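Novice: Residue strings, one per chain:
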Amino acid sequence: MASNRISRRDFVKVTTAALGSIMTVAMGIPVIGYLIDPALKTESGEAWIPLGPLENFPIGTPTPFSFTRSNINGWEKTVNSYGGFVIRESDTDLVVLSSVCTHLGCTVYWLEDKQQYECPCHGAHFTAEGEVIDGPPPRPLDEFEYRIEGDALSILFKKG
Amino acid sequence: MWKKIYIWLDERLGFDDMYKMLLDRPEPHGNWWNTLGSASLFLFIMQGVTGIFLTVYYTPSPDHAYDSVQYIMNGVAFGWLIRGIHHWGATLMVLVVFIHMLRVFFSASYKYPRELTWMVGSLLFLLTLGMGFTGYLLPFNQRAYWATVVGTNIGGVVPGVGPFILKALRGGTDVSALTLSRFFSIHIWMLPATLAGSIGLHLYLIMRHGESAHPTLDD
Numbered sequence: 107m108a109s110n111r112i113s114r115r116d117f118v119k120v121t122t123a124a125l126g127s128i129m130t131v132a133m134g135i136p137v138i139g140y141l142i143d144p145a146l147k148t149e150s151g152e153a154w155i156p157l158g159p160l161e162n163f164p165i166g167t168p169t170p171f172s173f174t175r176s177n178i179n180g181w182e183k184t185v186n187s188y189g190g191f192v193i194r195e196s197d198t199d200l201v202v203l204s205s206v207c208t209h210l211g212c213t214v215y216w217l218e219d220k221q222q223y224e225c226p227c228h229g230a231h232f233t234a235e236g237e238v239i240d241g242p243p244p245r246p247l248d249e250f251e252y253r254i255e256g257d258a259l260s261i262l263f264k265k266g
Numbered sequence: 008m009w010k011k012i013y014i015w016l017d018e019r020l021g022f023d024d025m026y027k028m029l030l031d032r033p034e035p036h037g038n039w040w041n042t043l044g045s046a047s048l049f050l051f052i053m054q055g056v057t058g059i060f061l062t063v064y065y066t067p068s069p070d071h072a073y074d075s076v077q078y079i080m081n082g083v084a085f086g087w088l089i090r091g092i093h094h095w096g097a098t099l100m101v102l103v104v105f106i107h108m109l110r111v112f113f114s115a116s117y118k119y120p121r122e123l124t125w126m127v128g129s130l131l132f133l134l135t136l137g138m139g140f141t142g143y144l145l146p147f148n149q150r151a152y153w154a155t156v157v158g159t160n161i162g163g164v165v166p167g168v169g170p171f172i173l174k175a176l177r178g179g180t181d182v183s184a185l186t187l188s189r190f191f192s193i194h195i196w197m198l199p200a201t202l203a204g205s206i207g208l209h210l211y212l213i214m215r216h217g218e219s220a221h222p223t224l225d226d
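Quick note, the sequences are listed as chains A and B, same order. For the first sequence, our numbering begins at 107 and goes up steadily by one. For the second sequence, our numbering begins at 8 and goes up steadily by one.
Possibly wrong hints are sitting among the right ones.
Which bits of chain A does chain B cover? Going by a derived footprint, with three or more residues having C-beta under 8 angstroms, they are [said to hold, decoys possible]:
#1 138-151
#2 178-184
Result set (SDA-like, lysine to any residue): computed pairs, CA atoms no more than 20 angstroms apart in a straight line [claimed, not checked]:
#3 A/K119 x B/L29
#4 A/K183 x B/D70
#5 B/K27 x B/I213
#6 A/K147 x B/W87
Just so you know, the hints here were simulated from the structure itself, not pulled from any lab data. Every value quoted in this text rests on a predicted model; they were computed, and no experiment measured them. Even glycine gets a Cβ: it sits at the ideal position worked out from N, Cα and C.
Whenever a hint applies, use it, and build me the whole structure from the sequences.
Specialist: Quick look at the structure:
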């Protein structure tokens, strides 16, 4: 009979441990959610960015363009710049390249005399069409999807 | 296995001695009023923990303070809960610490040999009020701003040194970015450090002298 009864001391121990565990879990889960919340948010969006009339992009030589996109991060607006090159091979046949190096994301620039893009960070070179000539980049420069409406060129910007 | 680990740790850290020293002491017969000190300690720890988590998103600058608090409330998962606990815990802590103080006063527990415990306790009460005062400005809404204007003005009417106190509190003549950042610093570093140290001293004195028994009718 006596063996079935829980002692006062044990009762207090068990109750304290149980209540403590409940409180820890009840607070712990929200706290973890609170801390990792920004990592769980997905920001995606795509938009057609107008680059102006086609005649701004002469046939033959890569022509640089740039645009900015703003993004709300928490309570603040962040403006990011993006850029690339339009390479027109004929009236309607063209390639729109991103100027972000596929190695570590530096911005490449066009070398008129060498007819190559060069990355300032590790000296990689790309052809006018974006193929890797030398250096560490794992793949050619990324291409933008584009459309031509009448005379106006737009590219598809994707984020996320 | 666990037993072995426990014994290994205990030989080096001395859990058993620590337990005997810190917790194993005679208590006066159970009285709920005697739990208010522990409740204050619990609230202090709770405020510390939720406060640390709030600084993950809070920004102490006039440009962003209000927006960052709005973001905590509406943009972050459970932000409302963390801030809600900190907000209501603050009010509750002032209340509980004050009732604790009243209990000590009415049960005359401040008498010999516990005068120092009482003095440190009074300091703890003032520090708690300081936490309330500095924390009130941080959301940087209208109420926070004007409460700080009025509160610091009160310091400004002290004869002689009033204008100095006012400028020292505000970090200049106006309630500004300087006021916000110094209140933030006081709220999260200076006062909590002082509070933690004083609580340590307060607890040491309680362990040393034990809790006072409530006087009976015969006393």
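Novice: Take the hints in turn and mark each one as holding or not.
Specialist: Verification of the supplied hints:
1. With 6 residues having a beta carbon nearer than 8 angstroms to a beta carbon of chain B, the segment 138-151 of chain A meets the requirement of three or more and the stated coverage holds.
2. Note: the segment 178-184 of chain A has 3 residues with beta-carbon separation from chain B under 8 angstroms; the three-residue rule is met and the coverage holds.
3. For the hint pairing A/K119 with B/L29, the CA-to-CA distance comes to about 17 angstroms; that is within 20 angstroms, so the pair holds.
4. Simply put, A/K183 and B/D70 have alpha-carbon atoms about 13 angstroms apart, close enough for the 20 angstroms limit, and the pair holds.
5. Annotation: proposed proximity of B/K27 to B/I213 holds, straight-line Cα distance about 14 angstroms (limit 20 angstroms).
6. Proposed proximity of A/K147 and B/W87 is supported: the alpha carbons are some 17 angstroms apart, at most 20 angstroms.
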